[in-house]
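Protein sequence lines correspond, in order, to chains A and B.
The numbering used here numbers the first residue of the first sequence as 1 and each following residue consecutively.
The numbering used here numbers the first residue of the second sequence as 1 and each following residue consecutively.
Everything hinted at is true.
Example chain A residues on the side facing chain B (calculated, C-beta under 10 Å, incomplete): (1) Asn56; (2) Val127; (3) Arg332; (4) Ile349; (5) Ser353; (6) Val362; (7) Leu364; (8) Arg515.
To spell it out: a stretch of chain A is covered by chain B in this simulated footprint if at least three of its residues, at any positions, have a beta carbon under 8 Å from a beta carbon of chain B; those stretches are: (9) 131 to 138; (10) 338 to 345.
Over 12 Å on every C-beta distance to chain B, these chain A residues come out as not near it, computed from the model: (11) Thr400; (12) Met403; (13) Gly480; (14) Asn486.
If you're looking for bench data, these hints aren't it; they were derived computationally from the structure.
Since we're looking at a predicted model, the values are computed, not measured.
Idealized CB from N, CA, C, for every residue including glycine.
One letter stands for each residue in the lines below.
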Amino acid sequence: MTNLWSWITTVDHKRIGVMYFLTSLFFFFVGGIEALVIRVQLWKAEQALISAELYNQLFTMHGTTMVFMVAMPMAVAFFNYVVPLQIGARDVAFPRLNALSYWIFLFGSLFMNASWFVGSAPNTSWVGYANLTSLQFSPGPNVDFWVIGLSIVGIASILGGVNFITTIVNLRAPGMKFMRMPLFTWMTFVTSFVLVTAIPVIAVALILLAFDRFFDANFYVTAAGGDPILWQHLFWLFGHPEVYILILPSFGMISDVIPAFSRKPLFGYPVVVYAGVLIGFIGWGVWSHHMFTSGLGPIADSFFVASTMIIAIPTGVKIFNWLATMWGGSIRFTTAMLFSIGLVAVFTIGGLSGVMHASAPVDLQQHDTYFVVAHFHYVIVGGVMMGLFAGFYYWFPKVTGRMPDETLGKIHFWLALIGFNLLFFPMHFSGIYGMPRRTWTYSAELNVELWNQLSTVGGFIFGAAAVVWAWNMIRSARSGAPAGPNPWGAATLEWSIPSPPHHYNFPSLPVVRTREPLWHEEERREVEAVTLAEPEREPEMPRPSFWPILVAAGATLTWALVMTGIWWVPLTGLAFTGFAIFMWAFENPFGKKAGAHHG
Amino acid sequence: MPLLLAACGSEYPQSSIDPKTDFAEIIHGLYVSVFWWTMVILAVVWILLAYILVRFRERPDQPLPRQIRGHLGMEIGWTIGPAIIVVAIAVPTIQAVFATQRGDPDNAMVVEVVGHQFWWEFRYGEAGVVTANELHLPVGRPVSLRLSSADVIHSFWVPQLGGKRDVNPVVRRPEGEEVSATWLHFTIREPGVYMGQCAEFCGESHSLMGMRVVAESEEQFQAWLTDMGGSAAASGEPAAAAAPDTSAVPDTTAAADTVPAGGDTTAAAPASDTAAGPPAGQPAPAAPAGEPQAGDALVTEGRDVFLRSTCVACHAIGGTSAQGQVGPNLTLLGRRSTIASGWMENTPENLERWITSPRSVKPGVLMPGIAEAGGNWPATNLSAEQVGAVAAYLSSLR
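Same shape as in the complex, but just chain A (with noise of 0.2 Å):
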């Protein structure tokens, strides 16, 4: 009990990383069995196993789910157990911040999924098209409860983006210039400023949807006046900043993978970095590639094919980069390393999809078909979970201690690969052959069925993958063979401490002068003498706090109150929350003895 009420209230980056990451690997599994049951139930024409309303929540839930309750917190997971410990601090700068996030989204994703048990779950898929969502074509509490969730997940990641920028830009050690910092922490970086920018947008969208609903206003009711465009404008405006949001951090974990295991450092650094800040801006420009079938007439549908083609150049940097730092190497094939190829090898197939999209007319015949599914998963799976496959393997001995078992890890490796594969590559003939997403079920005319089945085995492969994947975190957090502090032999300030690091990280600050402070041997020498020292007394950390999770019931409640439809009831949810914060603000972080001197 006092175990648990320990994690409850606690405000230490890593323990909150670890429950980001538990968190998300939950979801990452009902999400998948969500994507199981859809491919069942495409396992034949014409078949009708679930019913299509059923059909329709799951592939709604499955689309919100994978985004928002997995993939974006699995990266937000890393950035919370591994951001610190690269920059040489203790903390993030607003430790109890970040507990706060991780309750909103935790919260909030239970607050969407519940909908589930009251067999309304929501059912207009992840993109939520109006005017099909308002009252008039979907009366349901299905759209309420996917208005509220997001509503209430998105809090989490615009805190989650201010604290990490906050703690880049103030608490990295002495002489981590931003040149020097690894390229994970950059594309964390990079990412927190396309959080706090993109999310806003979408809670835009969905207040107005909110008050469409609620308090009968008419942003997007057409008999009104209301544009149901405008929804698509607000959405991709968000939703492909969000694509970013969710590559970004996987190419910085493999970014700094392939230099540990090829014995090289990063080629051409600097150009990796201008790379994904450029994608990081451009990916501003480039939403209305997801409406070239809305029409929106030549001039608009030129200007987007013009910049979504340029964000393809940066990407191809990137990776002609990762090759060059591979080329002339020394290459150890862990599993950390094949995931990091994998991400090379089949990333590159979604991205040359994407150009193909990038050509207006040939999306009018691929938009919104099994092709552009292909396509998505090629880059959200083939890219973004290959890279948080990758570093898991990776940060796996830092965060427990032991090794993973790389016999399991090459199983899961393999089977992820051809699962992977068998279950996305048909999918761009059943597109290409005429079958739309988001059906419960096709004609057998289409003469699509075999590529489904091939499809269905892929996937329930991919299943088995990551039931490996589980299983190996299991046993090797049990059994894995002890892991020193550097397993790896990597070269930047995460590795120079014991594993699992202390609660409060660095006895001492280290002072650095490279790019790899671990692989220049005088320098190494200088940063263990005081990384791995003992301490005489143990630096003093922020203390345990249960407002955190208060102030997210508050923010929680509140949003779910609004579902009430009175205007009023929200409120007393909102005076909770703000009593929650009044309390929190006058605590003290440190205690009585200590000043407050941190947020």
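Got chain A; can you put chain B on it based on the hints?
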């Protein structure tokens, strides 16, 4: 459900790489060129990667590799290289963007397409003809489809005719202005029956919102228009004696006079009249009114049931008093190859199943069944015999 492959004459009847219009051909040409460019890049990346993984694997007692940090020339090279390819793709793309969105030529025939949950309405404005789910179009004449929706966003997609275009709901501005129609322009190259379906998620039965496009010669098309308007009165009256209410039937014959909407009927009516007339292989001409035929009594009964029940609140049948505007127009329904917006073959048995319980076929549909309410309508409470009669009547509308 039985295969209708024969009618479609293609292994993949909804294939997006089997262009049958100028619009689809432009897209396909572009797709092929982009495809090969991407294959070149993929080959370069994969061959490099494979070489690296073999050549630079760790070897025993290998010394530390040379610590190379970058090379400006190479960075410039692999920035400029992809940039050139991007330009090579972007230029023809933008040309195609403009080429495929030119306004309709003067002689284009305009058909208004209205998306509904979960069916398609097609209105031939000048001819005054309305039909549903099976769009008849002439071969060789430019066609402009004006797309709008009666409810939520749909997307009109018949891959062999070209790319899809969203079907947006009409936005009613307070000052009375209505905006948001979208357009598709193309000229069909060869006759055939082309399959399509809604491509934007539109609700519970989105997956079952199919359609057929019957592309036929100008003569066949004109004959169909005439049948739909001019002779619909006759074909809508299978009974021997004119029913008392025929006086109430609107005069639809006038529409036939205005039929050759584009005027340019000489344009390229292809020689291949043989292929795919309206429902392939079916005898088109309607039985002359008054001629006795088998099942006449049943058909007459079905007609009476249809016209007296709530069917007429939503459905119109040319030449009868049924003038409902909410549901699909059923004029000459017997000629269509499918019902339920392309989901079922058009047989009396399937019609009975549909009338009995539409929701068992198509969840979320607004039409009531004999024992199930639909939309704002109560169950129809028709008996099995009445259902059979209505099905026989609808099948007789040829």
